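Participant: Below, each chain spelled out in residue letters.
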Amino acid sequence: MSPRTLFDKIWDNHVVDTLEDGTAILYIDRHLVHEVTSPQAFEGLRLAGRKLRHPENTIAVVDHNVPTSDRTQPIEEPESRNQIETLERNVKEFGVPYFPLLSANQGIVHVVGPEQGISLPGMTIVCGDSHTSTHGAMGALAFGIGTSEVEHVMATQTILQKPAKNMKIAVEGELAPGVTAKDVVLAIIGRIGTAGGTGHVIEFCGSAIRGLDMAGRMTVCNMAIEAGARAGLIAPDETTFEYVKGRRFAPKGEGYDQAVAYWKTLAADEGAVYDTEITLRAEEIEPCLTWGTSPENVLPINGTVPDPADEPDEAKRAQMVRMLDYMDLKAGQKIAGTPVDVVFIGSCTNSRIEDLRAAASIAAGRKVADGVRAMIVPGSGLVKAQAEEEGLDRVFLDAGFEWREAGCSMCLGMNPDKLTPGQRCASTSNRNFEGRQGPGGRTHLLSPAMAAAAAVTGVLTDARELTN
Amino acid sequence: MEKFTTLTAIAAPLPEANIDTDKIIPARFLKTTKRTGLGVHAFDGMRYRPDGSENPDFVLNREPYRKAEILVTHENFGCGSSREHAPWALLDFGIRCVIAPSFADIFFNNSFKNGILPIRLPREVCDELMGDASQGANSRITVDLARQVVIRPDGQEISFEIDPLRKHLLLEGLDDIGQTLKRENAIEAFETKRKQDEPWFPKIAV
Ligand code: SF4
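Residue numbers (my numbering), protein chains in the order written: chain P, 1 to 468; chain A, 1 to 206.
Excised from the complex, chain P in its bound form (with noise of 0.2 Å):
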């Protein structure tokens, strides 16, 4: 056999069945389920009299509808009641495990899979979510589904697909001090573009990437999305093992032995062939942050906003115009210093306890700006639990930050925690489209550290300058 990537190991592991036209019928291991895009899936399943083939694989958990705020009150907003009421109905009748709204297990569904380790390395894993990239950390290979592929899993544990491409990117050296995970991720995709990856799953590698703890692998997968790539991976190594060790759902004692003796043949072959690879070098690499509407926006935190003038071709220039007006910036104005009104630390790309205490180390002992209003929002209630068991939530509510519960909260304009119109959000999630955290609000993605530093600043600010 020639030599092998990791994603190509995998595949071959769940390939239950090939068609004529090349499409493999693909084995999944996993199958998590939230509520918004699961319900005309369970009703497709009732109207066809089909039965959910193994709920023992799937999980389910209340997370992009859900108020962040206090949850012994009932859910005041009609459609997000009737939404999670119908995620409760389904469960129940088609026997599916679920962390409800009030169990300390609940949580965004990327936090809450690889925390509760439900998602272990070398397994296939898909949800009704894009972000469904960010269990690829784990070595796993993980793809977001629509609703129709969601019933099709429900109902034959499999979906239909053609194999990816292979890319490799290779992030070699070290990073500076200051420089995380987020910044790496958002360089890549300011270098390879929101298109740079699609038909391919990336397999994230390199020394850098070795060197990150498994939140930090999270974030840069959670992100390849944004790249365009079907999925990201990082080959599972000691870290991952010790990660997974232990976690509630995780293989045990010889089980677990078993496990990580299959899982250390995952890793690419010595020869395997990418049909695309791109190398970064760690050092040059600076902590950064999103200008623009689109995640290719990158610009480091010490650099200028780019110029209309210079772009060659006309529908970007156009587009570039659209963008700096719908943010409310110049060309050539220096991104750091501009004022924000809202700063929001959570989602499925950093609200873990690593970002928490990075947000913490920068918030404490100093206030939120005047005027500021600063949110945290844990990704779990495991991690909520954590982190108040650190004393983190004290840090942060002395210097008056929102201490909040666990949801997607405001990634995205679903539930009460929203931008208004013409308001600034430093950002920790991963989408800064058009109003995405609320009409006509204005996102800035960058890492919890900076976030933190924005809160405590008032503007956009070099979280280096903030530290030692």
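These are calculated hints, taken from the structure and not from any lab test.
All values reported here derive from a predicted model rather than from experimental measurement.
Be careful, since some hints might not be right.
Unchecked claim - In silico contact screen, one side only, chain P against chain A (beta carbon under 7 Å); selected entries:
no.	residue
1	V36
2	P39
3	D129
4	S294
What the hints assert, rightly or not - Here are the simulated BS3-like pairs of lysine-lysine, each with C-alpha atoms no more than 25 Å apart in a straight line:
no.	chain 1	residue 1	chain 2	residue 2
5	P	K165	A	K167
6	A	K195	P	K264
7	A	K34	A	K3
8	A	K193	P	K252
9	A	K193	P	K162
10	A	K167	A	K3
Virtual Cβ for every residue (Gly too), placed ideally from N, Cα, C.
Since chain P is already given, all that's left is putting chain A with the ligand on it; use the hints.
Facilitator: Showing chain A with the ligand alone in chain P's frame:
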């Protein structure tokens, strides 16, 4: 799912790259538990002004494009989230075909499952079709799936590629689940082997 055979319809020009799913259908409209009814919110941010009135500059608010069933657009259409609400909103508006140089993967997949045909053509060809689509009442384009051609208003034919399986399902209006379940034996065989090879494989129960 409705069959897709041939379609002769008004094509609307949308000369913009990277039209993301939040543009096609903003998240605040995802609270529905149905597939239908999203058409009024399709392209909400572009289509309506903050006070809720129609933006007369937006193409789908102008005649004859209110009745457009084909969209001609630029690169990376449908990027962003996996929400199938995006094709549902397009379909509910009346769009059955989108022509672009490239599509985001998940959106591309989701379209087929709803009887919408996404056609990839080179940028220069899309630009020519964009010209056709900009002819107002004369912007009628024909898409013949069986023959895999787009027919311009002047009769010129442009052929396009499509995966044979997807073509078959669209032409017949079939859904995937039934197709896959025909191979249930293979799925069962896989599961049996899996139990032997990976005895440690954990179940979820709460
Ligand atoms: S946090 Fe944001 S990106 Fe992540 S699952 Fe929720 S809405 Fe999607």
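Participant: Which of the numbered hints are not met once you compare them with the structure shown?
Facilitator: none
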